[in-house]
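Sequence lines, in order, name chains R and G. With this note's numbering applied, the first sequence covers 8 to 264. With this note's numbering applied, the second sequence covers 114 to 380.
Just so you know, the hints here were simulated from the structure itself, not pulled from any lab data. Don't be surprised by glycine CBs; every beta carbon is placed ideally from N, CA and C. Don't take every hint at face value.
[Unchecked claim] Incomplete in silico selection of chain G near chain R, CB under 10 angstroms: (1) MET195; (2) THR201; (3) PHE203; (4) LEU206; (5) SER240; (6) PHE242; (7) TYR246; (8) PRO327; (9) ARG329; (10) PRO341; (11) TYR344.
[Claimed, not checked] Quick look at which bits of chain G chain R covers, simulated, 3 or more residues with Cβ under 8 angstroms: (12) 210-222; (13) 354-367.
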Amino acid sequence: MTPLAPIAPRRRLALGVAFFVVFVALWSIATFGGFVPRTFLANPWAMLEEGWSLFTRYGFARDVAITVWRVVGGFMIAAAVAVPLGIAMGAYKPVEAFFEPFVSFARYLPASAFIPLLILWAGIGELQKLLVIFIGSFFQIVLMVAVTVGGTRRDLVEAAYTLGADARGVVRRVLLPSAAPAIAETLRLVLGWAWTYVIVAELIGASSGIGHMITDSQALLNTGQIIFGIIVIGVIGLVSDFAFKRANQRLFPWSAA
Amino acid sequence: MTTLMLDGVARTFPGVRGGVATIALHPTSLRVDTNDFITILGPSGCGKSTLLRIVAGLDRPTSGRVLLDDVEVVGPGRDRGMVFQSYTLFPWLSVEDNIRFGLRERGLPLAQQRDIAAHYIARVGLSGFERHYPRMLSGGMQQRTAIARALANDPRILLLDEPFGALDHQTRGLMQELLLSIWEAERKTVLFVTHDIEEAIFMANRVVVMTARPGRIKDEVSVELGHPRHYTMKTTPAFSALKAHLTEETRVEALHALPTPLPALQP
Chain R
8 MTPLAPIAPR
18 RRLALGVAFF
28 VVFVALWSIA
38 TFGGFVPRTF
48 LANPWAMLEE
58 GWSLFTRYGF
68 ARDVAITVWR
78 VVGGFMIAAA
88 VAVPLGIAMG
98 AYKPVEAFFE
108 PFVSFARYLP
118 ASAFIPLLIL
128 WAGIGELQKL
138 LVIFIGSFFQ
148 IVLMVAVTVG
158 GTRRDLVEAA
168 YTLGADARGV
178 VRRVLLPSAA
188 PAIAETLRLV
198 LGWAWTYVIV
208 AELIGASSGI
218 GHMITDSQAL
228 LNTGQIIFGI
238 IVIGVIGLVS
248 DFAFKRANQR
258 LFPWSAA
Chain G
114 MTTLMLDGVA
124 RTFPGVRGGV
134 ATIALHPTSL
144 RVDTNDFITI
154 LGPSGCGKST
164 LLRIVAGLDR
174 PTSGRVLLDD
184 VEVVGPGRDR
194 GMVFQSYTLF
204 PWLSVEDNIR
214 FGLRERGLPL
224 AQQRDIAAHY
234 IARVGLSGFE
244 RHYPRMLSGG
254 MQQRTAIARA
264 LANDPRILLL
274 DEPFGALDHQ
284 TRGLMQELLL
294 SIWEAERKTV
304 LFVTHDIEEA
314 IFMANRVVVM
324 TARPGRIKDE
334 VSVELGHPRH
344 YTMKTTPAFS
354 ALKAHLTEET
364 RVEALHALPT
374 PLPALQP
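Take these sequences, add in the hints, and give me the full structure.
What follows is the structure, given as structure tokens:
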């Protein structure tokens with residue numbers, strides 16, 4: 008192999024698929040070959056069978072829908088507050104000075120650790136789940152948006168001033184469009200992280216959702232279902248990521264990102 | 114009649130981390146009349162860009178004032194349009210939308226904005242590229258767009274900070290001719306910063322020579338060559354005489370601007 012030499016798209020796809028083939032092959036050998044007990048790890052076929060019955064007999068589609076709604080809902084509420092705040096922080100230093108220390112600190116608080124507290128404050132209903140997602144997403148978005156907006160090219164701002172823009176005009180017509188692609192990328196990344204918080208929130212104190220299904224399956228030692236559930240989350244995350252990426256490319260054709 | 118007056122304008126930058134302050138510009142005075150095309154010539158670090166930025170209002174002088182028609186300049190504004198050395202086209206806007214930026218800011222009716230933009234797009238020879246994004250354009254095309262954008266906004270003074278510095282020699286020559294032809298038609302008042310002697314003479318009716326840092330105005334040389342200026346002028350005896358004179362003046366300053374003296378070079 009030559010360093011940095013490009014690779015044909017067909018070959019790239021083939022290699023990517025090959026990884027999963029090898030993975031499933033090893034998994035099959037470990038399970039069908041009897042090296043790992045059935046209660047420990049289900050074999051690939053059993054997992055698919057369980058997955059099928061989840062959808063056809065146990066209404067898994069409803070759980071998936073509920074999990075998706077929780078993530079998207081919590082994320083959108085977080086974004087609706089965090090993006091404007093991040094823009095204000097990036098644009099105006101006094102605002103940044105006021106909020107940044109707390110936001111930087113709060114970023115490190117694990118959203119999962121808040122679950123017991125939130126159950127105490129908000130019960131085990133939907134609000135509690137949404138709050139977990141909110142806490143996990145909000146501070147990340149604020150900081151990343153603030154950094155993006157604060158990093159706007161100064162020469163573009165100066166050019167706008169020499170074209171007669173005033174301070175408000177600069178924020179609306181330079182800072183915002185300049186930061187927009189990076190803000191969209193930030194949202195895409197943080198949405199990915201938000202998926203991980205929802206499952207944890209559903210592992211404890213939930214009566215529906217993928218996480219809840221996983222807990223139920225654990226009680227029955229049904230590793231096939233558990234693995235299937237995890238894979239479903241992965242697939243949904245991947246699909247949403249892909250859709251987000253495509254939307255960003257369409258919205259910001261001028262951006263290299 | 115636009116008169117720009119620089120009255121003892123000086124700029125000192127405070128020292129970094131309590132270090133020694135940098136005098137970028139000694140008190141400098143200059144007068145620019147309507148329809149003047151002034152080039153400011155000097156070595157790197159002589160303060161010419163600082164001077165231009167102060168006139169543009171993007172920087173404040175440590176002492177002295179800038180007066181535009183007897184009104185002091187305290188900040189940037191559309192009366193002083195600027196073309197920067199780095200390409201400052203807004204990447205999210207097409208060529209036409211970039212050029213319309215200042216017009217939109219002013220709130221002109223859309224039809225009028227488009228008319229003005231179309232006029233300047235044709236002027237700089239970019240017809241057909243209205244919907245292109247800046248990253249699809251070559252360096253020369255981007256600077257043409259930047260010039261059109263500044264001109265479309267009808268500033269009282271046009272400021273250019275080494276706009277052709279990043280272009281190759283041939284393209285630079287063509288850009289000079291283009292800018293000059295626009296000036297000859299519209300007679301804008303122009304302040305043009307450059308380190309290129311040939312460019313300084315070709316474009317200007319007056320060349321202002323600056324010393325090495327800390328900069329001050331060393332000399333002001335009138336360029337008596339007539340208009341319109343043809344590129345073949347660059348090899349005429351009159352042009353060459355001016356070039357020789359300015360080469361002498363600037364070479365001394367360039368040697369002073371070296372961080373350490375180079376004995377191999379004759380002063």
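Against the structure, the hints come out as follows:
1. MET195: holds, 4 angstroms
2. THR201: Since the shortest Cβ distance to chain R is 4 angstroms, the answer is holds.
3. PHE203: holds, 6 angstroms
4. LEU206: holds, 8 angstroms
5. SER240: Hint on SER240/G: violated, closest Cβ of chain R at ~21 angstroms, above 10 angstroms.
6. PHE242: violated, 14 angstroms
7. TYR246: Holds, because the Cβ-Cβ distance from TYR246/G to chain R comes to roughly 5 angstroms (cut-off 10 angstroms).
8. PRO327: violated, 24 angstroms
9. ARG329: violated, 25 angstroms
10. PRO341: Hint on PRO341/G: violated, closest Cβ of chain R at ~28 angstroms, above 10 angstroms.
11. TYR344: This hint is violated: TYR344/G lies away from chain R, its Cβ roughly 30 angstroms from the closest one there, beyond 10 angstroms.
12. 210-222: holds (count 4)
13. 354-367: violated (count 0)
Consistency with the previously given hints fails for numbers 5, 6, 8, 9, 10, 11, 13, ordered from lowest to highest.
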